[in-house]
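Novice: Chain by chain, the residues run as shown.
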Amino acid sequence: MPSNPITTEERTLPVTESKEHITSPSLKGNASELRDLEAGLDNLQSDTSRKRGIEWNRVLLPVAALVVLILAWQFYVSLGFKRRDLVPGPLDVLTQFVTMWGEGKVQEAVWTSLQRGVIGFLISVVIATPVGLILAQVAPLRRAFGPLISGLQVLPSVAWVPAAIIWFGLSEGTVYFVVFMGAIPSIINGLISGVDQIPPQYRSVGTVLGANRLQMALQIVLPAALPGYIGGLKQGWAFSWRSLMAAEIIAVGGTIGFGLGSLLDQGRLLSDMTIVMSAILLILFVGILIELLVFGPIEKRLLQRRGLLAGSSR
Amino acid sequence: MPVVLENLGKRFGDGAPVLDDVNATIAQGEFVALLGASGCGKSTLLNIMAGLEPPTSGALEVPSDGAAFMFQDAALFPWLTARGNIELALQLADKSSTKASRRERATELLELVHLGGAGDKRPHELSGGMRQRVALARSLAQDRQLLLMDEPFAALDAITRDLLHDELERIWKETGRTIVFVTHNVREAVRLGQRVLLLSSRPGRVVAEWDVTEEHRTDAGRAGELTGTITRRLREEIRRHAK
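Same order as they appear, the protein sequences are chains A and B.
Residue 233 in my numbering sits at position 233 of the first sequence, and the numbers go up by one each step.
Residue 32 in my numbering sits at position 32 of the second sequence, and the numbers go up by one each step.
Keep in mind the hints are simulated off the structure, nothing from the lab.
Misleading hints may appear alongside valid ones.
[Claimed, not checked] Under 8 angstroms between C-beta atoms, here's a sample of chain B residues computed to sit facing chain A: (1) 50; (2) 54; (3) 56; (4) 57; (5) 69; (6) 71; (7) 172; (8) 173; (9) 174; (10) 241.
[Claimed, not checked] If you want the footprint, here are the derived chain A segments under chain B, 3+ residues with CB under 8 angstroms: (11) 58 to 67; (12) 218 to 227.
[Stated by the list, open to error] Pair ranges (Cβ atoms, derived): (13) B/64 <-> A/302: 36 to 42 angstroms; (14) A/309 <-> B/38: 30 to 36 angstroms; (15) B/238 <-> A/33: 49 to 55 angstroms.
Predicted model only: the values in this text are computed from it and were never measured.
Cβ coordinates follow ideal geometry from the N, Cα and C atoms, glycine included.
Take these sequences, add in the hints, and give me the full structure.
Specialist: This is the structure:
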C-alpha cells in the first residue's frame, strides 16, 4: 500500500487552485455558542405538536349521511311500489324494534352474539399470533404452509358449518369452530404481510445491536409489523363476526343460545320483514360500533405515534 | 485490539468483484476516514467489518465483541421514543442489566449528545440532525471498542453537519473509541480522520492514504492544500472509469 502518495508532481500545481478547497478545521466559536447554535437548530427543525379540540365534522358528517339514507328509504316506501309487509318503512322497523326491546329479545340476541364473537376472536388472536410470527420468521415453514393459509382465508367459513354440526352437534362448539376457521387464517395472513413490509434495515439494526432470534421476533419484528398486524386483527374480527352470523343462521336449536343470527332466521320463518330488517341493522351497528370504539382509536393512535398520519384523510 | 484487514475480497454471485485485495490496519483508538466515490464498495467493506456480510476471500481481525454500527439514515425504531431506542440497545447489549440502570445510562448518553430534553420524543418528531445524534448515542450504548459509521451525516444540511463533526470529535476524544468513518466527502474525511484511506472503485482496493496532522487542523491553508491533493487523486480514480 503506498504510504506517501503526495507526489512532487501534485505539489507543483498552482496554489490558487487548491485555495478553492479550504476546509473548516473546526467551527469558530466557543463551546457555549455552539451549544446555543445546536439548540436553536433543534428547536427550529423539530415538530411542534398541535393539540386539536373535538372535530365536529367527524361526528356531524356521518350522522348527516345516515339521516339522508333514512329519508331516502322513507321516500321510496311512501311511493308505494311494493307491498308494505315486503318493504317496511323506517318507522315500522323502529316500532318492531321497540317491541322486541320491551320483550328483552334484542338485548339477549346482541349479548349472546357479541359475547361469542369477542371470545371466539380473542382465542383466535391467541392462536394466530404465535403461528403467524413463526411462519413469517421461518422460511421453510412459510413455503410449506403459506399457500394453505391463504387458501383457508379465501374459503368461506360457512362451508365449515355442515362439518361442524356433524362433529360438534348443535352446540357452542359448532359456533366457535366456524368462528376460528374464519378469523385465524386472516389474522395469520395480516401478521405475515405486516412482517413482509418491514424495512430490511430494521433487521440489520437488530443484528448489529446483538439481538438473538427470539429478541428479534418479539422486540423488533412484532412491533415493526404492528400496523399490518392491526389490519389483520381488524379483518379477523370482521371474519369472526360474519362467520358467527352464518353459523347462527344455519345452526338453530340444540344448546345453541339465541343470537342475532337466530333472530334473523326467526324473522324469515315468521315472514316478518320488520324483524329481518331489525336484525340486519343490529348486526351492522354492532360492527360499526366495534370499529369506532375499538379498532379506530387503536389504529389512529398507532399511526400517530409513528408519524404516519400526516396528510391522510382519516 | 487493532483491526486488521488482509487481502479481503468480496463478490456477489458471479459478478465482478466489489472488493479485491483490501489491506489495512487500524490501531486501537484511531479515527480513520474511509474515502471513495459512490459505488466503490465502502459500505460493503463496512458491512463485512460489522459481520453483516461474510467476505468471499481474505481474512479480517476485529474485536471479538463485534462492532457498533451507525447507518446512513438514523434507522431508529419508530415505535420507540429516543430514550426507548437507546434503552433497547442497552438491553440487547447486556441482558442482565436492570431497568433502572438502563434508564440512568440512557440519560447519560442523551446528555452526551446534547439531547437531554428530547428523550421522550419519537423519531418522527425530531429533525434529521437530532435523529443522527440519537443514533450516535444508540451506537455508543452498545459499548463496543470499534464504531463503524456509514456516511452518517450525508443527508444533513451544512450547518448541522459541521456541528455534528464537532460533536463526534468531542465524543471520540471522550470515549476513546476506534472509529472507521465512511464518506465520499473529502472535506469531511480531512476534517474528522487522523488518517484518510482512499478506496478505488470496481474493484474496491485501498490505493492511497494520507495522515492528517495537528497542523492541518489548525492551519486552514494546509488543510485546503491536503483537501485539494486528495480531491485530485479521487477524481483521477473516478476518471479511470470514463473510458
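Novice: Work down the list of hints and note, for each, if the structure agrees.
Specialist: Results for each hint:
1. 50: holds, 6 angstroms
2. 54: Since chain A brings no Cβ nearer than about 13 angstroms to residue 54 of chain B, farther than 8 angstroms, the hint is violated.
3. 56: For residue 56 of chain B, the interface hint is violated, since the closest Cβ of chain A sits about 20 angstroms away, which is over 8 angstroms.
4. 57: Interface hint status for residue 57 of chain B: violated (18 angstroms vs cutoff 8 angstroms).
5. 69: holds, 4 angstroms
6. 71: holds, 7 angstroms
7. 172: Result: violated, 13 angstroms to nearest chain A Cβ.
8. 173: With Cβ-Cβ at 12 angstroms, over 8 angstroms, it is violated.
9. 174: At 13 angstroms from the nearest chain A Cβ, residue 174 of chain B fails the 8 angstroms test, so the hint is violated.
10. 241: violated, 19 angstroms
11. 58 to 67: Three-residue rule not met by the stretch 58 to 67 of chain A, so violated; n is 0.
12. 218 to 227: Contact hint for the stretch 218 to 227 of chain A vs chain B: holds, 5 residues under 8 angstroms.
13. B/64 <-> A/302: 36 to 42 angstroms: The hinted range 36 to 42 angstroms holds for residue 64 of chain B and residue 302 of chain A, with Cβ atoms some 40 angstroms apart.
14. A/309 <-> B/38: 30 to 36 angstroms: holds, 35 angstroms
15. B/238 <-> A/33: 49 to 55 angstroms: Since residue 238 of chain B and residue 33 of chain A have Cβ atoms about 38 angstroms apart, the given range 49 to 55 angstroms is violated.
In the structure shown, a violation is registered for the earlier hints numbered 2, 3, 4, 7, 8, 9, 10, 11, 15, in ascending order.
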